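Asker: Sequence:
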Amino acid sequence: MSQSPREQANAAIKKFLSRRDWSAESPARRRTLAAFLRLATEHGFESVSMRTLGHELGLKAPSLYSSFPHGKDEIVAESLRWFTYRFAHDLLDAALPSRSPEEYWEVLVRFHFAQQLRRPEADLWNFLVARDKVAPFLDPDAREEAYSWLELHERMYGAAAEEMGRSITAEGIKAVFTVLDGAQRWSAWNGTEAELERLSDHAVELTRSILDIGSREPVPGRMVAAAAH
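Quick note on numbering: the sequence shown equals residues 7 to 235 in the working numbering.
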C-alpha cells in the first residue's frame, strides 16, 4: 500500500533525524551548545567568543577546545545541528497524530509560529543560515544539513496542500515561511498563553489565505490590468 504525501513527508523527517544519535552527546557538550545559543541570542553572534563562553560555563578556554577542537566555528555548526534536531523532533511529534491534511497544516503552522516566539534562538538559526548564503562560513556538512532540513520542512506543508487538493507553488510555501519566521516582528506577543492562542489563530488564517491565493488560477482580465500599470 502506497504512502500518502503526509506519510512520505513524515518518513523523510524520521530518516533525517536518524542520521545522528544525539543521545550519545555528552552533557558537557550539550551545555556548551545551549550556552552558545543563549549568549548569541541575548548579546549577538559576534559578541560570543571562546573566552566569554568559557566564562559563562565556568570553564577555561582550553577546556572548551578539548571538546570542540575547531573552536567557535565548530560550536556554531554543532549549535545549528542541535537546534535543528530538537525543532524537527518536536515538530514531528506534534504533527504525527493529525487526522486530516487540514489539521496537519494547522499543527505545522501553530508549532512553527510558537517556536519563533518562545525560542529566540529560532531567529538566530534563520540569521546564521541567511548569513552563510551571503558569505559562506559554515562547514559543508552543516550547510548541507541546514538546507536539507529546510527542504524537508517545506515538504511537510506541500504534502498537506497536496492532500487538500491544492497546488501551492514553491513560492507560496516560501511566503508562508516568511510570515511564520517573522512572527516576532509582526505579532507583538505579550507573553501570555491566551494571546499566543489568539495570534496563532491569526497565523493559521494568514497562511490559509496564502494557500488560497497560491492555489487559485490567475484571472486573465486582472493580469491584463496589472500589466497596464
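You may find that some hints are simply not true.
Simulated restraints, written as ranges between beta carbons of each label pair [what the hints assert, rightly or not]:
#1 Ser53 to Ser173: 17 to 23 Å
#2 Ser32 to Lys139: 29 to 35 Å
#3 His95 to Gln9: 19 to 25 Å
#4 Lys66 to Arg26: 27 to 33 Å
#5 Ala34 to Glu203: 33 to 39 Å
#6 Arg44 to Glu201: 32 to 38 Å
For the record, the hints were derived by calculation from the structure and aren't laboratory data. Small disclaimer: the values here were computed from a predicted structure and weren't measured. Every residue gets a Cβ at the ideal spot worked out from N, C-alpha and C, and that includes glycine.
Asker: Is it true that Ser32 and Lys139 lie within 29 to 35 Å of each other by Cβ?
Answerer: 31 Å, holds
Asker: Using the C-beta atoms of His95 and Gln9, is the stated range 19 to 25 Å upheld?
Answerer: 20 Å, holds
Asker: Is the hinted range of 32 to 38 Å satisfied by the C-beta distance from Arg44 to Glu201?
Answerer: At roughly 24 Å between Cβ atoms, Glu201 and Arg44 fall outside 32 to 38 Å, so the hint is violated.
Asker: Range hint 17 to 23 Å: satisfied by the CB atoms of Ser53 and Ser173?
Answerer: At 45 Å between Cβs, range violated.
Asker: 27 to 33 Å was suggested as the range; check whether the CB atoms of Lys66 and Arg26 agree with it.
Answerer: Once the Cβ atoms are compared, 28 Å apart, the range 27 to 33 Å for Arg26 and Lys66 holds.
Asker: For Ala34 and Glu203, compare the CB-CB distance with the range 33 to 39 Å and indicate the outcome.
Answerer: 38 Å Cβ-Cβ, so the 33 to 39 Å window holds.
Violated hints for the displayed structure, listed by number in ascending order: 1, 6.
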